[in-house]
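Enquirer: Residue-level listing of the chains:
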Amino acid sequence: MTLSTSALGGLLQRHQNDPSRLVQILREVQDANGVISPRDVTELAQALGLPRARVEGVAGFYSFLSTVPRGQYRVLFSDNITDQLQGSHALRDSLCHAFEVHLDELSRDGLVSIGATSCTGLGDQGPALLVNGRAIGRLDPGRIGVIAALIRGRTPLDRWPKELFAVTDTIHRADLLLASRLEPGEAIDAAIVRGAQGTIEEVKQSRLRGRGGAGFSTATKWEACRVTPGPERFVVCNADEGEPGTFKDRVLLRQFADLVVEGMTVCAWAVGAQKGFIYLRGEYLFLLDHLEAVLQRRREAGLLGHHLRDQETFDFDVEVHLGAGAYVCGEESALIESLEGKRGIPRNRPPYPVTHGYKQKPTVVNNVETLAAAALIARHGAAWFTAKGTATSAGTKIHSVSGDVARPGLYELPWGTTIAELLELAGAKNTQAVQVGGPSGVCLASDGFKRRFGFEDVPTAGAFMVFDSSRAMVEVAENFARFFAHESCGFCTPCRVGTTLMHRALQRIVAGHGTKRDLKELKYVAQLLKVASHCGLGTTAGNPVLDTLERFRPSYQRRIRSFDVLPSFDLDQALAPAREITGRDDPEAHFEEDAP
Amino acid sequence: MTAPAKSAKKLKVATASLAGCFGCHMSLLDIDERLFDLLELVELDRSPLTDLKHCGPCDLGLLEGGLCNAENVHVLREFRRQCKTLVAVGACAITGGLPAQRNSLDVRECLQTVYLTGPSTTHARIPNDPELPLPLDRVHPLHDVVRIDYFLPGCPPSADAFWELITALIAGRTPALGHDRLRYD
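Chains as they are written, first to last, in our numbering: chain A, 6 to 601; chain B, 1059 to 1243.
Keep in mind that the hints are not guaranteed to be accurate.
To be verified - Lysine-lysine pairs mimicking DSSO-like chemistry, simulated, CA-CA at most 30 Å apart:
hint, chain 1, residue 1, chain 2, residue 2
1, B, Lys1142, A, Lys525
2, B, Lys1111, A, Lys528
3, A, Lys521, B, Lys1142
Bear in mind the hints are in silico, worked out from the structure with no lab data behind them.
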């Protein structure tokens, strides 16, 4: 199947034949057609004036784009550890069984294909899946049965029961951000009164640090962008919330979209930017219409567009870009590459985006939560913000709590709160471990629960996954290793090869084929990744392995059988296909179990 | 490069090609006149050069090629049992190499195409004599099945790389290949 030339032409026209919109264009081709065919690639390359390999390279990079036909219904099960612990693999297998397909295989009638995808951001209401990009949470055998029947009946997605797609936002504890009630425009007006430099000064006084994980000073970033000479500047809201276990931005974008866009506008005023982007992860497609509506409403209210608030020099508008399933695009320079219509491969830094960002122009990239906080600081002042938190970590942090807790959902707490306090609030019992900040963060055992959230102690981007004493931590590590191996962009060898080596070793150990040598090898590779990788994905990919090896070693040792190397696969089973086709069953057609 | 001093006892060395092309063995022979030095230092056990069918206790085993069938696995295990030090030699032993290109195919379909439906088949049937080793479902590198002590990279490893490996092991030092010896074609 290929898109007709005229349909493709119309689509390209809507995007002004702009090659920097390639990811968006490919998304639409994929949506219209279920596949990006070789002819589509050729025609797009010609129309956009790009090498064919470039278009194919981009199409091949993103998980949600496909150059081979997928099912009319493409089902992708969220594969985060929290989904897995809630039984997602059994649910996935039962759906595969219902359609008699293997994982990642197209059914004979082309109706359905079933696969896995990284965390879809529904950790508080999993297990979850995406069907043709639309999220369904709270899966159980009953709902899988309903989905199977709808697919079998070839019911168009628009006619599926709305209830299936319901996503709920549960806020258990609200503080500065989640309890805020800001009228649209209030923060912008306050920023205008302070002036651009004054606004940056106020943000500096607030000691606001980036909420995406790195904790870089927001005012320093804005200032650096502001002082870089150039006619154009950009503000990017990083809504590519890909860290498994995080879902706070999902809630912020739905309940507090105005606040987030307000923060972008304040930033634009402060740094002198004319254009903003919200880079929305593809998994959050269900937020797109809402965000577009908020932006439109703000345009009509004079909060976006020309001469905002009667300021002659203040023009600013915001556009939503959809991602297409790539965790690495949460890294700011990879995100910019993706915005420019390329593969999401992190750039060499320096130069940093503040001087050479989107189209090599000065660009501020801030997390959703950072921008929301910035808007409130502009309105209420720095002192209001610094009244909460600690000396090095001002304000509050929103935690996405999932896993073995009675009350999953969002908890906004001042920095300095202990991990034990959050566990208590969420109703966690018999807690063995918490993964703070997602797989790239830190895994703590009970001796670490008295530690405090904060850049000075336990920093976090907001994920908080809880594992009780019934969980095998080696399986948690295997899940995270699978995640990193899948999400490595493939650019640098240590990460591309190392993440896969780690995953294979963990698979062997989990399956009972592991050895002590594998443990040594794991540690070696994890440390190598830390020092030799190109970007943060690789440097942090070994963290869950190193942490669990250090703190939950018995969980590994229980699965290990031997010091020496064992076959990493079932030898006798490896001869089964050949036995089947030759009809042989003689002794030579088998391996003896106990051979060394 | 000079050969290490002769020791009283010659080192026992075995070599074999599993799913390989013998290119690594040919490259070993490329040490040319150093072969004379080598034969002063080592004694060959099982090897294509001696045509011995089984391997006795050895100091060093050199294996080229990956694992594509049951016999490869048996030979590998015999080498592991008998050799104090076992070296995976060349790309196929280390990664599966060229034969592993079939790993994206179903081995049943491979056999069907080759023996039943291929254009040049006559008396079409899939051989099933118990004397023939069955192919594995996938081609594996050696370290998937046994412990490997050293990996000698290259396709093939150069003669100098072989020489460094062997002379270092005889001299009792850890072999080290500089950048100039690491080459892949």
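Enquirer: Taking only the CA atoms, is the gap from A/Lys521 to B/Lys1142 under or equal to 30 Å?
Expert: holds (20 Å)
Enquirer: Against the 30 Å threshold, does the CA-CA distance of B/Lys1111 and A/Lys528 hold or violate the hint?
Expert: Cα-Cα ~40 Å, so violated.
Enquirer: Can you confirm whether the C-alpha distance between B/Lys1142 and A/Lys525 stays at or below 30 Å?
Expert: Holds: B/Lys1142 and A/Lys525 sit about 21 Å apart, inside 30 Å.
Figure legend: structure checked against the earlier numbered hints; the only hint not met is number 2.
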